[in-house]
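Protein chains: 2
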Amino acid sequence: MKAAGRLDSSRKAPLRVLLLGCGNVGRGLVRVLTVERDRYPGLEGLDIQIVGITTGTRGAVARESGVDLVRALSELEGGGRFSKQNPDRVELTSLEAVQELDYDALVELTPLSIANRGEPAISHIRSALERSRHVVTANKGPFAYVYRDLMNLADSRGVRLLHESTVMDGAPVLNLARHTLKGCRIQALEGILNSTTNYVLSRMEEGLSMQEAVELAQLQGYAEADPTLDLEGWDATVKICVLANAFMGADLDPSKVDRQGIEKVTAEDLREVGARGDRLKLICRAWRHEGQVSAKVAVETVPAGHPLWAVSGTGAALRITTDLMAPIVVVQDNPGVKDTVYGVVGDLITVAERKFETENDGRLK
Amino acid sequence: MKAAGRLDSSRKAPLRVLLLGCGNVGRGLVRVLTVERDRYPGLEGLDIQIVGITTGTRGAVARESGVDLVRALSELEGGGRFSKQNPDRVELTSLEAVQELDYDALVELTPLSIANRGEPAISHIRSALERSRHVVTANKGPFAYVYRDLMNLADSRGVRLLHESTVMDGAPVLNLARHTLKGCRIQALEGILNSTTNYVLSRMEEGLSMQEAVELAQLQGYAEADPTLDLEGWDATVKICVLANAFMGADLDPSKVDRQGIEKVTAEDLREVGARGDRLKLICRAWRHEGQVSAKVAVETVPAGHPLWAVSGTGAALRITTDLMAPIVVVQDNPGVKDTVYGVVGDLITVAERKFETENDGRLK
Chain A
1 MKAAGRLDSS RKAPLRVLLL GCGNVGRGLV RVLTVERDRY PGLEGLDIQI VGITTGTRGA
61 VARESGVDLV RALSELEGGG RFSKQNPDRV ELTSLEAVQE LDYDALVELT PLSIANRGEP
121 AISHIRSALE RSRHVVTANK GPFAYVYRDL MNLADSRGVR LLHESTVMDG APVLNLARHT
181 LKGCRIQALE GILNSTTNYV LSRMEEGLSM QEAVELAQLQ GYAEADPTLD LEGWDATVKI
241 CVLANAFMGA DLDPSKVDRQ GIEKVTAEDL REVGARGDRL KLICRAWRHE GQVSAKVAVE
301 TVPAGHPLWA VSGTGAALRI TTDLMAPIVV VQDNPGVKDT VYGVVGDLIT VAERKFETEN
361 DGRLK
Chain B
1 MKAAGRLDSS RKAPLRVLLL GCGNVGRGLV RVLTVERDRY PGLEGLDIQI VGITTGTRGA
61 VARESGVDLV RALSELEGGG RFSKQNPDRV ELTSLEAVQE LDYDALVELT PLSIANRGEP
121 AISHIRSALE RSRHVVTANK GPFAYVYRDL MNLADSRGVR LLHESTVMDG APVLNLARHT
181 LKGCRIQALE GILNSTTNYV LSRMEEGLSM QEAVELAQLQ GYAEADPTLD LEGWDATVKI
241 CVLANAFMGA DLDPSKVDRQ GIEKVTAEDL REVGARGDRL KLICRAWRHE GQVSAKVAVE
301 TVPAGHPLWA VSGTGAALRI TTDLMAPIVV VQDNPGVKDT VYGVVGDLIT VAERKFETEN
361 DGRLK
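Same order as they appear, the protein sequences are chains A and B.
Numbered according to my numbering, the first sequence spans residues 1 to 365.
Numbered according to my numbering, the second sequence spans residues 1 to 365.
Chain A on its own, in the form it takes in the complex (with noise of 0.2 Å):
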């Protein structure tokens, strides 16, 4: 039985991938792509080869005919560079490889910077749509800068240019407001995009301080040494940005939405909303207004028996409201690095295959 989306079985020659940081979700996609491979049966038809890896302080590999993805992976996994032993090491930036290199697609992984406005990865990015190479990946920062510009370019090229782990990892928000809600008007979004503060959020609950709650997202790996991007609202207000300006047309950046963190909650302030049953969450919020679309980033006191309310850990949601039905909600049930790599992998797919969809692909066999 297969999986949803089927690849092209006439396809003869592997997708060849170059890819950019190789941090935990570029390692989870090597691991899946060659160690792990054969626990996803839908992968079957999947043929990639990665000819080059680049880092921004562990060097870089790349080979025409394919890396040593194993051995890579090991001297990555250690923590450590790539060895000055291994074979494919080459003395390559990653806009040299994006410009050098031959390659199919671009997996863009490098982490986001806001103080940059989205820099580097836009100029990775755009380099290698200009050299028409498709570009898959989960560094929302170009989506929240320069989202028209870089989609634009794709199309002038007629390359695609795809983002699904930008916005709650792999969980399909992105494809389902693209493929599923046809003739559908988007008319309003609202959201918890954020795990660390929500995952922050629930553990006050439980009694911790903000502090304690922030080094145990630390340790488990949900936060970054430097939580400042989460808790002052600014992953979120990205990525409402990213949503706003793919779903609803918006030409939104970060700097033109209102934007709350969650600094200034106190354990006070959350026992006096959960003693009527309530809860504090960052939502945020996007909205057409006299053909504007305006978005904001705000604590609110969510009702017991909102959808959102249920939300707890490192889980996301997004309602979305259209104008031919009734809102619909997608959560995602506490994903972790996995979820992002899927969504990378997911695009790859799309890339990999011929066509979007064959004649008669229209559901699963």
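No wet-lab data here; the hints were simulated from the structure.
We put the CB at the ideal spot given by N, CA and C, even for glycine.
Warning: the hint list may mix true and false statements.
[To be verified] Derived DEER-like restraints, expressed as beta-carbon distance ranges:
1) B:225 - A:36: 49 to 55 Å
2) B:304 - A:263: 42 to 48 Å
3) B:220 - A:41: 41 to 47 Å
4) B:221 - A:212: 48 to 54 Å
5) B:228 - A:155: 49 to 55 Å
6) B:84 - A:251: 53 to 59 Å
7) A:274 - B:267: 27 to 33 Å
[Stated by the list, open to error] Here's a subset of chain A near chain B, in silico, CB distances under 7 Å, partners left out:
8) 302
9) 313
10) 346
11) 349
Given the structure of chain A, go ahead and fit chain B onto it with the hints provided.
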């Protein structure tokens, strides 16, 4: 700004549709295509011509150049039949219309029959497919009884058989699994799929008796005059069969599902569970075990904080567990007839598109 899913603007001729059944959903569809059309900018490119409407007891109309929909609507909305003065009036049964009229797509909206194991809808659909016509339907019976036969027939004729409205109305759960979970294998499904029982349980929690709650549901148009199919769990059973057959490659029919309804739930049961903060819900499940897919429908205690706990009133929800990521939950927020209508409209757009997706159609514009 366009909405999701681009219609093929190069298509010159309208999509010629034969409509079987013109109850709430059929009339809602006709309204969206006529008097309400201007409200929905996303439908701009949709060019549909209804060449025939047949009903169980209200007569039939047909015209090759398109029936007068506004007249048809006003005749039926008075609760009456097609009038003898209507120049489009014809003497045709549904099956005759399917076999004799000229159309591109059949829209099958006749009522579900469990007693007749999905007939006569199955015959209508089969006849249309045998004539190489596309089929869109909101009737779940055929997919609970002969899913694979019908899908194979559609495949062999190179036409589409779409049924998004059969489960959770228009909420795109079928399309979500088809188009957005590429490479994933669906391991388990868990959901609240019958609105009537969920509504009745919600009202009973507030103190109504089952009898009173059912009457209220009937008054508000949520429950049929004979609510047995809902209360005894048949409707829920049919839906989990459709989902298991469509998503998990199962070959289930309702006779193979362990089925329980809500008839025996008492106010006392609800109070007891409610005192602990939990709720009783009619839960549908499907799962894989040793290469087989099984399903059941039963009243279960859902603890507070569980993603299905907050689904109240006529809401519905489906939790999808896959091998490649954390479970995702799709929740529908108090849907109504409009949602079923949208499911049909969305499927018609898919049929109207010459291809499911064009090369550059991976995103909204």
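Results of checking the hints against the structure:
1. Taken as a hint, the range 49 to 55 Å holds for the pair residue 225 of chain B and residue 36 of chain A, whose Cβ atoms sit roughly 54 Å apart.
2. The beta-carbon spacing between residue 304 of chain B and residue 263 of chain A, approximately 29 Å, falls outside the hinted interval of 42 to 48 Å.
3. Between residue 220 of chain B and residue 41 of chain A, the C-beta spacing of about 45 Å keeps the proposed range 41 to 47 Å intact.
4. The hint said 48 to 54 Å for the Cβ distance between residue 221 of chain B and residue 212 of chain A, and at roughly 51 Å that hint holds.
5. Separated by about 54 Å at the C-beta atoms, residue 228 of chain B and residue 155 of chain A satisfy the suggested range of 49 to 55 Å.
6. The hinted range of 53 to 59 Å is satisfied by residue 84 of chain B and residue 251 of chain A, whose Cβ atoms lie roughly 57 Å apart.
7. A hinted range of 27 to 33 Å holds for the C-beta pair residue 274 of chain A and residue 267 of chain B, which are about 29 Å apart.
8. A distance limit of 7 Å between C-beta atoms decides the matter here; for residue 302 of chain A the minimum to chain B is near 11 Å, and the interface restraint is violated.
9. Because the smallest distance between the Cβ of residue 313 of chain A and any Cβ of chain B comes to about 10 Å, over 7 Å, the interface hint for this residue is violated.
10. Using the Cβ-Cβ criterion of 7 Å, the hint placing residue 346 of chain A at the interface with chain B is satisfied: the shortest such distance is roughly 5 Å.
11. A hinted interface residue such as residue 349 of chain A counts as satisfied when its beta carbon comes closer than 7 Å to some beta carbon of chain B; here the least separation is about 4 Å, so the hint holds.
Figure legend: structure checked against the earlier numbered hints; hints not met, in rising order: 2, 8 and 9.
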